Amino acid sequence: MSKAKVAVLDYGIGNVRSLTNALIKIGAEPFLTSERSLILGSDVLILPGVGAFGMGMKNLNERNLIPVIHEFVATGKPFLGICLGMQLLLEESEEFGYTKGLRLIKGKVVKMPLKSGSDVKLPHVSWNEIREPSKNRWNETFLTGTLKSSNFYFVHTFVAAPNNPEDILALTNYGGLDFCAAVQNKNVYGTQFHPEKSGELGLQMLKMFIKKSTEKNDE
Amino acid sequence: MHKLRLIARLDIKNEFVIKGIHLEGLRKIGDPIELAKKYYEDGIDEIVFMDAVASLYERNNLFHIIEKACEEVFIPITIGGGIRSIGDIEKALKAGADKIALNTQAIKTPAIVEEASRIYGSQCIVGSIESKRKDNGSWEAYVDNGREETGVDVIEWSQRLEQLGAGELMITCIDQEGTKKGFDNELIEIISAAVSIPVIASGGAGKVSHITELVSETKAGAIAIASMLHYKMSGIKEIKQGIHQAQIPIRL
Chain A
0 MSKAKVAVLD
10 YGIGNVRSLT
20 NALIKIGAEP
30 FLTSERSLIL
40 GSDVLILPGV
50 GAFGMGMKNL
60 NERNLIPVIH
70 EFVATGKPFL
80 GICLGMQLLL
90 EESEEFGYTK
100 GLRLIKGKVV
110 KMPLKSGSDV
120 KLPHVSWNEI
130 REPSKNRWNE
140 TFLTGTLKSS
150 NFYFVHTFVA
160 APNNPEDILA
170 LTNYGGLDFC
180 AAVQNKNVYG
190 TQFHPEKSGE
200 LGLQMLKMFI
210 KKSTEKNDE
Chain B
38 MHKLRLIARL
48 DIKNEFVIKG
58 IHLEGLRKIG
68 DPIELAKKYY
78 EDGIDEIVFM
88 DAVASLYERN
98 NLFHIIEKAC
108 EEVFIPITIG
118 GGIRSIGDIE
128 KALKAGADKI
138 ALNTQAIKTP
148 AIVEEASRIY
158 GSQCIVGSIE
168 SKRKDNGSWE
178 AYVDNGREET
188 GVDVIEWSQR
198 LEQLGAGELM
208 ITCIDQEGTK
218 KGFDNELIEI
228 ISAAVSIPVI
238 ASGGAGKVSH
248 ITELVSETKA
258 GAIAIASMLH
268 YKMSGIKEIK
278 QGIHQAQIPI
288 RL
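If you're matching them up, the sequences are chains A and B in order. Going by this note's numbering, the letters in the first sequence line up with residues 0 to 218, in that order. Going by this note's numbering, the letters in the second sequence line up with residues 38 to 289, in that order.
Treat each hint with caution, since some may be false.
As the list claims (entries may be wrong) - Label pairs and their calculated CB-CB ranges: (1) A:R62 <-> B:A148: 27 to 33 Å; (2) A:D177 <-> B:A148: 34 to 40 Å; (3) B:Y268 <-> A:G40: 48 to 54 Å.
Keep in mind that the hints were calculated from the coordinates and are not lab data. From a predicted model like this one, the values you see are computed outputs, not experimental measurements. Glycine included, C-beta positions come from ideal geometry on N, C-alpha and C.
Bound conformation, chain A alone (with noise of 0.2 Å):
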């Protein structure tokens, strides 16, 4: 089988470096690119980012990339979000006044819900479990088969509140309230934490990832 096509959309923004490498590690072909034809023609997309969410649209807009991500959501081949990549699927953000997102995903993001007169840290930088929503939302997914042990590295102060309950594809808790730590919508996905930041289980998790994705491709 040919190495799987992944673009990994540049818009200036964080480290990405170690996104990279860890396809590569994964046995992957990814390339860092914002030219539209190399978008298109890649059998995944993934947008990565860390950072403020607003300037994250800023060079995704600067760069004219939103018609293209719509774009290739469009053809149905996979397209994956991380960290603030994630966040940017959701309508709008409240992070430093209201912010327009990509509106893949109903709902918003907003600064991570505390339980009052709860002391616990912000931004939440924690290596965190996370679950299933609901029995067998896993199933047919890259989570499939994932570990209810298996901690995934985090670090962000906001979260995405979607409006559909289905569109959550699982929980972590902090500080004792759930939040969401992925979401699916068809073809889009996202994870707050970072998988080429989580060790062996991270690299396994992106490699189903890849493999969920291509064996779509060759249907």
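Fit chain B to the given chain A structure using the hints.
Below, chain B without anything else, positioned relative to chain A:
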């Protein structure tokens, strides 16, 4: 409850991981990339690379090491030492670092913390403080890897760094550093109660009980260790098991 993060700290001079006592009297330990890889495979949660002489020579010399390390190490990587400008931060992130630790330059021009956290996000900026206890019972911030005093009060400075936008603080206690006699629990307790961002305690870990005592007495979110690993006093699995047995949540 969140999980305690166990961080390996690699202080580097002339391509070698080194270790001293009170940040002085440096001894060669080994190759940074090999050590980073080994600690990663053994289950460490994060790695901090510190250029021990960078501020002195006014440049950071670790970019090529980070580039190489992150081909094999898939956990968060922090770089510190001699980062002086937004351009340096950009270079460090491009090389594969996830977080940037700022000390000397933050003291010189605090605005760099504000600007960097606005551009790259707070999660990217670690306020690094080298602290020394004074005779009057307060703590003073040092720069240039513990060489220069600044007259800045550590507790006030930690709060200021949070206001400026740092997403985490790493507190290195010079009096404890390299002694393997335990952390400065009192200082970590005061700082972790004074700020709402995570605090990384660095300097002094010699055995597992130092870590478990610190965590039970303070709100430290992470522990940076060096001697324990470099001198093979304990393995990472063994340390984590010890922490786990003390009922402190940690990734096993």
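Take a look at whether the Cβ-Cβ distance between R62 of chain A and A148 of chain B falls inside 27 to 33 Å.
Cβ of R62 of chain A to Cβ of A148 of chain B: about 28 Å, so the range 27 to 33 Å holds.
Is 34 to 40 Å respected by the C-beta to C-beta distance linking D177 of chain A and A148 of chain B?
Given range 34 to 40 Å: holds, Cβ gap about 38 Å.
Taking the Cβ atom of Y268 of chain B and the Cβ atom of G40 of chain A, is their distance within the range 48 to 54 Å?
For G40 of chain A against Y268 of chain B, whose Cβ atoms are near 52 Å apart, the range 48 to 54 Å holds.
Every hint, counting from the list given before, is met by this structure.
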